[in-house]
Amino acid sequence: MSLVDALPPWAAVLVGVLVLLGAGFACVGSLGLLRLRDFYQRVHAPTLGSTLGTFFMVAACVAGFSLAQGRPALQVLLIGVFLTLTTPITLMLLVRAALYRDRVEDGQQMPPPAPPGESSQNPMP
Amino acid sequence: MRRWLPHPLMAGFLLLVWLLLQRSLAPGSWLLGGALALGLAWAFGKLQPPRARLRGAWRLLPLALRVVHDIVRSNLAVAGVVLGPRRRARAGFVAIPLELADPYGLALLACIVTSTPGTIWVDHDPARGILLIHVLDLVDEASWVETIKRRYERPLLEVFQ
Chain A
1 MSLVDALPPW
11 AAVLVGVLVL
21 LGAGFACVGS
31 LGLLRLRDFY
41 QRVHAPTLGS
51 TLGTFFMVAA
61 CVAGFSLAQG
71 RPALQVLLIG
81 VFLTLTTPIT
91 LMLLVRAALY
101 RDRVEDGQQM
111 PPPAPPGESS
121 QNPMP
Chain B
1 MRRWLPHPLM
11 AGFLLLVWLL
21 LQRSLAPGSW
31 LLGGALALGL
41 AWAFGKLQPP
51 RARLRGAWRL
61 LPLALRVVHD
71 IVRSNLAVAG
81 VVLGPRRRAR
91 AGFVAIPLEL
101 ADPYGLALLA
111 CIVTSTPGTI
121 WVDHDPARGI
131 LLIHVLDLVD
141 EASWVETIKR
151 RYERPLLEVF
161 Q
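Residue numbers (my numbering), protein chains in the order written: chain A, 1 to 125; chain B, 1 to 161.
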């Protein structure tokens, strides 16, 4: 028996709408990767998938599995927690690498680096 | 107390994760989860993390609501930029002087800035306290400095410093 069969119709509709909303935001974010112009703009787009996209997907999972199995499926919430904690690290690494390269190549107007001699460490503990 | 439970927040978080993953509140889960939480929190202490000094952590609650509100709003704004007609780029960098210096406060601010679509944390210079962010839809530089400082930095300053 599949998960969908275990759900009453109203719950199946609710879960379906939530999944579609989440997929929609993730899709718009991916579309942004194609449409936006340069690296710094493109890096903004996928955060749609990691915020509201993830939120609706997690909500769909919690609702669907809780209703189908008859006990709360709150462990899915951890996906949201860990994604929120780890996304900034990846994005920061990508953007800092791009900024470093652009400063060296000096093609565009980039904000200047910190004056030499002073530290410029990553702020993450 | 401090000797046996040097990092109560960390241990509590680990126990919560364990109980959530086990999906049970049976005594066995509490026992094993508690032992793991104590052991791992002890190991965490061996990494010598900087001490977190939280004062009035309840102030983080209104901040969290504000952040959720901003995330929803900027999700729709960025979706509008992506789906809207192609136009001249208005994206740009903004340098923000920060008073916040606590590493945990900065980490939280980084999570907030990054998980709000349309703004990305680029670089933070701890020596000068200057944060560089990149904004997708940059209309007014000064209003962004004001927004970050007033909406996010002030409550974080109150809690962490």
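These aren't lab readings, by the way, just hints derived from the structure by calculation.
Treat the hints with care, as some may be off.
The calculated label-pair distances, taken between Cβ atoms and stated as ranges, are [what the hints assert, rightly or not]:
hint, chain 1, residue 1, chain 2, residue 2, range
1, A, Val17, B, Gly12, 45 to 51 Å
2, B, Ala43, A, Phe82, 41 to 47 Å
3, A, Phe82, B, Leu47, 16 to 22 Å
4, A, Gln69, B, Glu141, 47 to 53 Å
5, A, Trp10, B, Gly34, 37 to 43 Å
Glycine is no exception: its CB is placed at the ideal position from the N, C-alpha and C atoms.
How the hints compare with the structure:
1. A:Val17 to B:Gly12: 45 to 51 Å: 35 Å, violated
2. B:Ala43 to A:Phe82: 41 to 47 Å: Distance hint for Ala43 (chain B), Phe82 (chain A) is violated at roughly 19 Å.
3. A:Phe82 to B:Leu47: 16 to 22 Å: Since the Cβ atoms of Phe82 (chain A) and Leu47 (chain B) sit about 19 Å apart, the hinted range of 16 to 22 Å holds.
4. A:Gln69 to B:Glu141: 47 to 53 Å: Holds - the Cβ-Cβ distance for Gln69 (chain A) and Glu141 (chain B), about 51 Å, lies within 47 to 53 Å.
5. A:Trp10 to B:Gly34: 37 to 43 Å: Distance hint for Trp10 (chain A), Gly34 (chain B) holds at roughly 40 Å.
Hint violations for this structure: numbers 1 and 2, all remaining hints satisfied.
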